[in-house]
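Number of protein chains: 2
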Amino acid sequence: MESIRVFAPASVANVSCGFDILGFALNTPGDEIILNQNDSGEVKIVDITGDDGQLPKDPEKNSASAVIINILKHLKLPLGIDIRLHKKMPLGSGLGSSAASSVAAAYAVNELLGNPLDSMEVLEFAMYGEKIACGSDHADNVAPALFGGFVLIRSYNPLDVIKLPAPEELYASVIHPRIEIKTKDARDILKKQIQLKNAIKQWGNVGGLISGLYTSDYELIGRSMVDHIIEPIRSILIPGYDAVKAAALDSGVLGCGISGSGPSVFALSRGSRVAREAAQKMKEEFKKIGIESDIYVSKVNNQGPIVLEQA
Amino acid sequence: MESIRVFAPASVANVSCGFDILGFALNTPGDEIILNQNDSGEVKIVDITGDDGQLPKDPEKNSASAVIINILKHLKLPLGIDIRLHKKMPLGSGLGSSAASSVAAAYAVNELLGNPLDSMEVLEFAMYGEKIACGSDHADNVAPALFGGFVLIRSYNPLDVIKLPAPEELYASVIHPRIEIKTKDARDILKKQIQLKNAIKQWGNVGGLISGLYTSDYELIGRSMVDHIIEPIRSILIPGYDAVKAAALDSGVLGCGISGSGPSVFALSRGSRVAREAAQKMKEEFKKIGIESDIYVSKVNNQGPIVLEQA
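So the protein sequences, as listed, match chains A and B.
So in our numbering, spot 167 of the first sequence is number 151, and the numbers just go up one at a time.
So in our numbering, spot 227 of the second sequence is number 211, and the numbers just go up one at a time.
Here chain A stands alone, though its shape is the one from the complex (with noise of 0.2 Å):
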């Protein structure tokens, strides 16, 4: 094979209850990443749109061109290859951004190398990515995005990723306030220390998620979707957070909370006509405090990455 175009989705991490261990995939928005084979043996980023400049493009430094690198070098394969990243989905947004493009990345190639790679070894490799961009390598929303579906990550070391099922008619809302929150900024804000009483009750609601999860019970999904711990602390970060909550869960939204470390928020509905409402509702919130906001709504994607074209 001598080009791969691939798609890799934007996903939401945490999932209200499960704060570092949970996360599912959207099917829009997300990132297109163009691989070619050039002659010259190196990897290049020939070609960046959608990121107003933002990333770098010195290959050992933006997430996607550090991923190819890596696995070439782990393959021992001196190859050449020419990327072009189409960014189609906002940066520092809460959505996985630099996750869906290292994702994309990494199947991208061992697509285009013929599979070398199995699953777990391009999740660790995409992780390497997503350490790259934001500093620490967090899975939550790489895991997501390679696997599609809901993801658990019930522990690091050693890493233990399970695909939990997504029940059919399960939407997601998510709007994307046109504010800036630091990843960062976002961690340093949580306390280090917490209420073992409030624990107690965030891990009862991670066992009634994944429990509504197997037995498609989107009641139990929703009442699950409570967060004790982090958002009473995040959610002041997010301007108009709390109506725009309201909002969502007057629509008749299963739950919603924010997505990642924000600053967007998602709601998981059961169908597509309360998802679309609530999405609707939710930027009449942002807008009457001036907010200006993108939303997305989408089924849960079941699949992770596409190939779109190979040659």
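Mixed in with the good hints, there may be bad ones.
Remember, identical chains collapse to one label, so a pair may be satisfied in a single copy or spanning two.
As the list claims (entries may be wrong) - Straight-line distance between alpha carbons at most 20 Å, and here's what the computed SDA-like set of lysine to any residue pairs gives:
id, residue 1, residue 2
1, K175, H212
2, K181, I217
3, K267, S256
4, K176, H212
5, K72, L292
6, K147, Y202
7, K115, L56
8, K168, L180
9, K147, D201
10, K181, S139
11, K181, S256
12, K115, K168
13, K181, H212
14, K166, S200
15, K181, D144
These aren't lab readings, by the way, just hints derived from the structure by calculation.
Assemble chain B onto chain A, guided by the hints.
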């Protein structure tokens, strides 16, 4: 119906990672209760065996009779009932002794009366019995004793109880060392604040354990049976705990932990052979330090209470 004889099972609360939210029922040991209608209009305790005289015989203070009095009051039925309670399990062992009695009583009287209460009402009355006995209305022994199998208590307020599947080949080894730990001491020793990083590991394991139960993934169940919060503290109260646990793990069990607030220790295995061997090895370890113990090996009880006789 004039009389009924019911068995209700012992149970293992917490199940390593699920402090206060998870429990499962055993086929053995358990309690037997016999109810006979009398003409006096009073609820009386006629006989208690197997408690070494430890349980109160005042009908308002004994959990079994208190549950029955409460149910009759709720139903406005001024019936007289003679109660015979046969404790066939150790008291204060961490195996849900008071829960078994409370569930046996609530289930038996409901059957005797032709099932006027639904199962959630029976649960709430049984929780009242637990409160009489222990001072707190925890459900993590009562709910599995009543519903059988594994049970998740997602939330207490409102009460939200979810029955989880129990894989077919799952066996429990339970060992009760003949030492005493007061539930209150086992609670007081815990810290009110915990590290967020440990809480994250804990809810990852809760997710893994529940996922393993749904998919009959025995290895995942085992990997998830790790307690980063409670066991490191409570195990100090159980002499020889580390050696007993090591003996169980060496025998090939999936995982091992403290049953409820102890002092009993439990392990889960795939198949009965490993479960039996592990129980023997655990017993030998306690014996080495001069502690006598009782062992129980049982399939996970998927049924809850059983009506043994009625007339």
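Of the numbered hints stated previously, which ones are contradicted by the structure, given in increasing order?
11, 14
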